[in-house]
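Participant: Here's the letter readout for the chains.
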Amino acid sequence: MSQSNGKPIVEVSNLDVFFNTTQGKLHAIRSANWSVSQGETLVILGESGAGKSVSVHAATGLLPGTAEITGSIKFEGEEILGGSEETLRQLRAEKIGVIFQDPLASLDPCFKVGAQIAEIFTVHRGMSKSEAWAEAVKLLDSVQIPDPERRANQFSHQLSGGQRQRVVIAMAIALSPTLLIADEPTTALDASVQVAVLELIKKLRNERKMAVVLITHNIGVAASIADRIAIMYGGRIVEIGDTKEVLQSPRHPYTQALLASMPKIGAGASKRLVTITGTPPSLATIPGGCAFHPRCTRAIAKCSDVVPEIELNKNGSLHSFACHNPEEAN
Amino acid sequence: MIRILGSRLLQLILVVIGIGTLLFFLVRVSGDPALAIAGSDATAENIASIRQSLGLDRSILEQYLSFLQNLCTLNFGESYTYLLPAMPLILAALPNTLYLSFVAFLLAIVIAVPAGIYAAVKRNSFSGKAVMSISMLGQSIPPFVIGIFLILVFSVWLRWLPSFGNEAGLSIIMPSVALSAVLMARYTRLIRAYFLEELNRGYVRTGKSLGFTNARIWFKHILRNISVPMLSLIGIDLGKFVGGAVIVEAVFAWPGIGSLMINAVKARDYPLLEAGVFAIAVMVVLLNLIVDLLYLYIDPRIRAKVN
Ligand SMILES: Nc1ncnc2c1ncn2[C@@H]1O[C@H](COP(=O)(O)OP(=O)(O)OP(=O)(O)O)[C@@H](O)[C@H]1O
Ligand SMILES: [Mg+2]
Chain F
1 MSQSNGKPIV
11 EVSNLDVFFN
21 TTQGKLHAIR
31 SANWSVSQGE
41 TLVILGESGA
51 GKSVSVHAAT
61 GLLPGTAEIT
71 GSIKFEGEEI
81 LGGSEETLRQ
91 LRAEKIGVIF
101 QDPLASLDPC
111 FKVGAQIAEI
121 FTVHRGMSKS
131 EAWAEAVKLL
141 DSVQIPDPER
151 RANQFSHQLS
161 GGQRQRVVIA
171 MAIALSPTLL
181 IADEPTTALD
191 ASVQVAVLEL
201 IKKLRNERKM
211 AVVLITHNIG
221 VAASIADRIA
231 IMYGGRIVEI
241 GDTKEVLQSP
251 RHPYTQALLA
261 SMPKIGAGAS
271 KRLVTITGTP
281 PSLATIPGGC
291 AFHPRCTRAI
301 AKCSDVVPEI
311 ELNKNGSLHS
321 FACHNPEEAN
Chain S
1 MIRILGSRLL
11 QLILVVIGIG
21 TLLFFLVRVS
31 GDPALAIAGS
41 DATAENIASI
51 RQSLGLDRSI
61 LEQYLSFLQN
71 LCTLNFGESY
81 TYLLPAMPLI
91 LAALPNTLYL
101 SFVAFLLAIV
111 IAVPAGIYAA
121 VKRNSFSGKA
131 VMSISMLGQS
141 IPPFVIGIFL
151 ILVFSVWLRW
161 LPSFGNEAGL
171 SIIMPSVALS
181 AVLMARYTRL
191 IRAYFLEELN
201 RGYVRTGKSL
211 GFTNARIWFK
221 HILRNISVPM
231 LSLIGIDLGK
241 FVGGAVIVEA
251 VFAWPGIGSL
261 MINAVKARDY
271 PLLEAGVFAI
281 AVMVVLLNLI
291 VDLLYLYIDP
301 RIRAKVN
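Chains F and S, in that order, give the protein sequences. Residues in the first sequence are numbered from 1 upward in steps of one, following this note's numbering. Residues in the second sequence are numbered from 1 upward in steps of one, following this note's numbering.
Hints were generated in silico from the structure; no laboratory data involved. Please note: incorrect hints may appear among the correct ones.
Unchecked claim - Taking lysine-lysine pairs in the BS3-like style, the calculated list, with each CA pair at most 30 Å apart, reads: (1) K266(S) with K74(F); (2) K220(S) with K25(F); (3) K202(F) with K95(F); (4) K129(S) with K95(F); (5) K7(F) with K74(F); (6) K129(F) with K240(S); (7) K7(F) with K112(F); (8) K209(F) with K7(F); (9) K208(S) with K203(F); (10) K138(F) with K129(S); (11) K7(F) with K302(F); (12) K209(F) with K208(S); (13) K25(F) with K129(S); (14) K95(F) with K203(F); (15) K7(F) with K25(F); (16) K112(F) with K220(S); (17) K220(S) with K138(F); (18) K7(F) with K129(F); (19) K209(F) with K244(F); (20) K220(S) with K95(F); (21) K208(S) with K7(F); (22) K220(S) with K208(S); (23) K203(F) with K112(F); (24) K266(S) with K202(F); (25) K7(F) with K95(F); (26) K112(F) with K95(F); (27) K112(F) with K129(S); (28) K266(S) with K240(S); (29) K129(S) with K266(S); (30) K202(F) with K112(F); (31) K209(F) with K74(F); (32) K122(S) with K25(F); (33) K208(S) with K129(F).
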């Protein structure tokens with residue numbers, strides 16, 4: 001599970017995203033750098049509003065028209081930023097699969113789930129209706145939906161939450177994408193179903209050698225699937241590195257606080273979670289210097305003035321963080 | 001399925017008896033048909049004998065009971081003005097009314113769907129806002145005003161289209177435009193509003209993430225989803241639509257039920273009026289039944305509940 005040597009699928013560098021709103025221009029993502037390679041899984045962790053979804057969807061072209069994106073996003077070596085809407089659409093069709101958080105809302109209530117999957121094959125593969133239907137049933141089988149023939153003939157409201165999420169996963173991988181984006185794919189599900197869905201994503205990743213970017217609020221999820229973890233705060237990536245290093249030896253005080261505050265998969269409510277004091281900043285009022293300094297127990301004078309830069313690959317280390325006064329390495 | 005048919009049948013009976021009864025008493029307090037038939041220089045005996053032959057000398061209760069009997073046998077007696085059985089007269093005019101209503105309705109949908117989607121997609125540009133302004137205007141002008149305006153422009157001034165009747169094939173154009181204008185405008189606005197709401201739904205996002213074109217997402221998925229609330233509105237509108245048809249038929253002397261009914265009101269032709277109301281009530285209920293069945297077809301959630 002360590003750093004894979006597959007070819008890079010997405011390389012994001014110096015990414016900035018702004019939203020033009022009635023309250024002015026909001027700076028949602030600030031100089032983000034991340035990448036993910038074939039067969040590798042990057043997990044993005046962070047509180048609500050940290051910019052996890054926005055930083056990922058900058059690469060899918062699914063941000064609204066009010067978004068302004070600068071920097072560079074390379075997909076399989078080719079720059080896609082500034083490309084036409086049509087190029088991005090084709091990229092989404094052929095290369096990128098997306099799983100969203102809410103599996104009921106992701107499906108069209110008016111069509112049978114089999115028909116929705118089959119549509120992908122008729123549109124993008126030019127299959128006949130019956131060929132596409134057969135393919136859809138096969139796909140439902142491969143995401144471990146029992147009795148796929150019968151399920152294909154049902155509507156989304158007739159399926160359980162876990163089954164719906166499996167259908168959504170089936171749609172995302174239908175055309176064998178090289179990149180799978182999963183934005184909180186298990187949040188809406190029961191704990192036991194969460195584990196099963198996560199196992200399915202892992203299995204599909206291994207079989208199909210996909211690069212996976214997964215967003216979650218759950219450390220257990222992160223620990224069980226991630227090769228690397230990125231921590232976001234206030235629109236910035238504040239720490240990124242191999243799963244083991246980030247989880248066992250977090251250097252950024254925010255990472256440490258976040259890890260202490262997050263639920264573990266399967267853990268009951270018995271274990272008290274440590275909450276981080278203060279609230280995450282809103283985009284319009286991000287503090288100067290390090291955005292975390294007002295909530296930070298290790299803040300020093302410099303923190304309120306100078307934005308700590310994340311030093312990538314310093315001394316060849318793959319574990320990077322943006323902090324003036326980091327925790328001791330252990 | 002059977003339940004829906006049953007409840008619509010019950011509704012039909014209640015509507016026909018209810019409206020029939022209301023009408024029965026309304027026309028009878030509005031004046032005496034014998035006076036209208038006899039003319040201005042008739043003697044009192046003259047009028048009395050006419051009333052007797054029409055059965056109007058009986059007590060109101062007797063008249064009402066025989067009216068209910070007529071309802072059951074679908075025999076409303078002879079029209080006072082045409083001196084022919086009323087029901088066949090109405091049935092002969094029915095195809096014209098259905099033709100006009102159908103064309104007008106189709107016109108409204110065929111224009112409103114693309115116009116509404118256009119107004120939604122181009123909501124921030126001038127052309128999108130222009131569509132909304134035009135439809136606002138269209139919604140606020142009554143059909144008969146549009147009808148008279150059309151006659152002035154296309155019949156009187158340009159002399160392109162016939163102003164009345166249904167002799168030429170082109171005759172359908174103006175009445176159907178006049179009748180559909182309000183509906184067209186209303187549906188354009190509604191489709192725009194529903195469409196904008198649907199744009200934020202998850203399945204739209206999913207469609208985009210699958211690399212579907214906007215056209216596919218709009219015309220296949222969103223349209224199918226908004227047809228559910230649209231249908232229920234259409235069901236509510238049907239009654240109003242028939243009311244509009246009566247007026248428009250009168251403006252263009254269109255030989256349908258509406259024209260017959262207006263004449264029947266003027267002449268206090270009770271049998272014709274009663275037969276006409278009966279036919280319209282049946283028509284509205286049947287159309288509602290079609291809407292119900294379409295509902296079943298379009299919305300799988302409702303279909304699941306029924307089965
Ligand atoms: N279309 C938009 N217009 C304006 N601001 C936006 C838009 N989309 C996102 N934002 C802002 O960008 C910031 C980051 O949003 P994002 O959805 O990436 O958060 P997140 O980390 O995914 O949070 P969550 O865990 O709640 O999903 C938020 O402050 C959000 O309000
Ligand atoms: Mg998010």
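Participant: All the hints need checking, so say for each whether the structure fits it.
Facilitator: Cross-check of the supplied hints:
| no. | hint | verdict |
| --- | --- | --- |
| 1 | K266(S) with K74(F) | violated (79 Å) |
| 2 | K220(S) with K25(F) | violated (35 Å) |
| 3 | K202(F) with K95(F) | holds (18 Å) |
| 4 | K129(S) with K95(F) | violated (38 Å) |
| 5 | K7(F) with K74(F) | holds (12 Å) |
| 6 | K129(F) with K240(S) | violated (42 Å) |
| 7 | K7(F) with K112(F) | violated (38 Å) |
| 8 | K209(F) with K7(F) | holds (11 Å) |
| 9 | K208(S) with K203(F) | holds (26 Å) |
| 10 | K138(F) with K129(S) | violated (47 Å) |
| 11 | K7(F) with K302(F) | violated (39 Å) |
| 12 | K209(F) with K208(S) | holds (24 Å) |
| 13 | K25(F) with K129(S) | holds (26 Å) |
| 14 | K95(F) with K203(F) | holds (19 Å) |
| 15 | K7(F) with K25(F) | violated (36 Å) |
| 16 | K112(F) with K220(S) | holds (14 Å) |
| 17 | K220(S) with K138(F) | holds (24 Å) |
| 18 | K7(F) with K129(F) | violated (36 Å) |
| 19 | K209(F) with K244(F) | holds (22 Å) |
| 20 | K220(S) with K95(F) | holds (24 Å) |
| 21 | K208(S) with K7(F) | holds (27 Å) |
| 22 | K220(S) with K208(S) | holds (13 Å) |
| 23 | K203(F) with K112(F) | holds (26 Å) |
| 24 | K266(S) with K202(F) | violated (80 Å) |
| 25 | K7(F) with K95(F) | holds (14 Å) |
| 26 | K112(F) with K95(F) | holds (25 Å) |
| 27 | K112(F) with K129(S) | violated (36 Å) |
| 28 | K266(S) with K240(S) | holds (22 Å) |
| 29 | K129(S) with K266(S) | violated (44 Å) |
| 30 | K202(F) with K112(F) | holds (27 Å) |
| 31 | K209(F) with K74(F) | holds (19 Å) |
| 32 | K122(S) with K25(F) | holds (23 Å) |
| 33 | K208(S) with K129(F) | holds (21 Å) |
Consistency with the previously given hints fails for numbers 1, 2, 4, 6, 7, 10, 11, 15, 18, 24, 27, 29, ordered from lowest to highest.
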